[in-house]
Amino acid sequence: MKKIGIMAAIIIINFIFQTSLYNYVNIFGVIPNISLILVVIFAMMTNSIVGGFLGILTGVLYDIMLQDIFGVYTLIFFIIGCIIGSFSEDVYRDNYMLYGLISLLSTIFMHFSLFVILFFLKYRVSNAYYILESIILEIVLNTVISIVILKFVVYIFNKFNLK
Amino acid sequence: MNSINKHIKKVLFFIIIFILIVLIGLTSVGKVESTNGGIFGNIVTGLQKVTYNLGQTLTNSFYSVQEIVKMKEENILLTETVHELQEQVRSLENIVNKSDALEAEYEIKTNLKYDYIIGQVIALDDSNWFSRFTIDKGELDGLNKNDIVIHAVETNNGMVQIGLVGIITETGSNWSKVITLLDETCKISYRDINNDESGILQGSIDGKITGYFFNSKSVAAQGDSILTSGIGEIYLPDLYIGKVTEVIKTTDASIQKIIVEPAVDFTKLNKVFILKVNR
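Those protein sequence lines, which keep their order, are chains B and D. Going by this note's numbering, the first sequence opens with residue 1, and the numbers climb by one from there. Going by this note's numbering, the second sequence opens with residue 1, and the numbers climb by one from there.
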């Protein structure tokens, strides 16, 4: 329980940083999506229920604080958290490369689902072709940074004596 | 027991997805108002303000050291530009004064003063798909949905507008959400000053503003200035939007598409002015 509390706290603090502070440290105009990486890492460390819960928490923050349409981010983060959580119990959790790989897949999944959802919301998604470059850059950044974030999370959990 | 558990989880998974999809559908057509988070929203925005300012102070101090050398040259250049512009204004005023109708219009425009509130950007949506931000003023400061947000500078003679930024879509007690011109959902009726034709502008996912004219025969040129026309009664008339950078002939031969470069640099936005309009 304490573990979930700390995870939720990290997600909320990160959301505040993600939307304000990180904008100043962008790399080629792209900001790594650390909110997504955190959902991925926490879902990997726990199970589908906690993963889904943390996914919803992250998504609700985005939807309430920034978006007009409620549910887009909530849906995407929930699916990511749930699915990763459901198979994380069957994989070897100490493999850092695996976290990188799953961050990569999740970022692709997130952008793909945004594409699909926005298509149904009558956005002119064909223009997405022009932002492909920054999306690819974000995918690469997320993959690399996920390992750094993972080390940081493990460090914090050790400080709080959590497994 | 384990298999039943798994089954319940699966059902729950799909129920939540279903509920969320329904919510997306309902909020997108405005059937259900999206919440503003109440007290929680206030706390989060308060913290965002602190971290946003922190980031700004840090980057500013970093760049100010870098740019100290450049500043002197820039200062000279700017003084020269000011003299040039003053001369231009004098000659234009001279022309305006010669015509009564123009003078009357000039009087109206210079005396047109809106009440405004200065807000600060405290959070940005950093994803590539949307272009929106949050500001630190809300209902308590008298802001409403559909209030106009512009970029401007405060001088001794009052506020001087730089360009249109966007519109408020939702307000919390001390914060509000703004969508910018670059966002797909933002549509503005505009007027081209050079040929006095109007049309509709729309942002897009790739951050370009495109538009077309109501009158298919109108001809735009590169460098034309674009203002809001005020048609539709959401945007106030005569707010500066930007300049035409490209005129594209579409396959539909009668329609011209224009691409507009906004006057505001959205990546460096910090202080914004919200115009108070009595509707």
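Derived from the structure by calculation, the hints contain no laboratory data. On a predicted model such as this, the values are computed, not experimentally measured, just so you know. Virtual Cβ for every residue (Gly too), placed ideally from N, Cα, C. It cannot be assumed that every hint is accurate.
To be verified - Once the Cα atoms are required to be at most 20 Å apart in a straight line, the calculated SDA-like pairs of lysine to any residue come out as:
#	chain 1	residue 1	chain 2	residue 2
1	B	Lys122	D	Gly25
2	B	Lys122	D	Thr27
3	D	Lys9	B	Ile83
4	D	Lys10	B	Asn47
5	D	Lys271	D	Gly25
6	B	Lys122	B	Phe112
7	B	Lys122	D	Gly30
8	D	Lys72	D	Ser91
9	B	Lys122	D	Leu23
10	D	Lys6	B	Val91
To be verified - Here are a few chain B residues that sit away from chain D, every Cβ distance over 10 Å (derived from the structure):
#	residue
11	Leu61
12	Ile64
13	Leu104
To be verified - Chain D is faced by these chain B residues, among others (derived, beta-carbon under 8 Å):
#	residue
14	Asp68
15	Ile108
16	Phe112
17	Val116
18	Leu162
Each hint, compared with the structure:
1. Lys122/B with Gly25/D: Between Lys122/B and Gly25/D the Cα gap is close to 12 Å, so the pair holds against 20 Å.
2. Lys122/B with Thr27/D: Distance ~14 Å between Lys122/B and Thr27/D Cα, so the pair holds.
3. Lys9/D with Ile83/B: Roughly 11 Å separates the two Cα atoms, so the pair holds.
4. Lys10/D with Asn47/B: Holds - the C-alpha atoms of Asn47/B and Lys10/D are around 13 Å apart, at most 20 Å.
5. Lys271/D with Gly25/D: 34 Å, violated
6. Lys122/B with Phe112/B: Holds - the C-alpha atoms of Phe112/B and Lys122/B are around 16 Å apart, at most 20 Å.
7. Lys122/B with Gly30/D: 15 Å, holds
8. Lys72/D with Ser91/D: 29 Å, violated
9. Lys122/B with Leu23/D: Roughly 16 Å separates the two Cα atoms, so the pair holds.
10. Lys6/D with Val91/B: 18 Å, holds
11. Leu61: Not fine: 7 Å to the nearest Cβ puts Leu61/B too close to chain D.
12. Ile64: 4 Å, violated
13. Leu104: Non-interface label stands for Leu104/B: nearest chain D Cβ at 17 Å, farther than 10 Å.
14. Asp68: Asp68/B check passes; min Cβ-Cβ to chain D is 5 Å, inside 8 Å.
15. Ile108: 14 Å, violated
16. Phe112: Status violated, d = 12 Å.
17. Val116: Cβ of Val116/B sits 11 Å from chain D, so the hint is violated.
18. Leu162: Nearest chain D Cβ about 24 Å off; hint violated.
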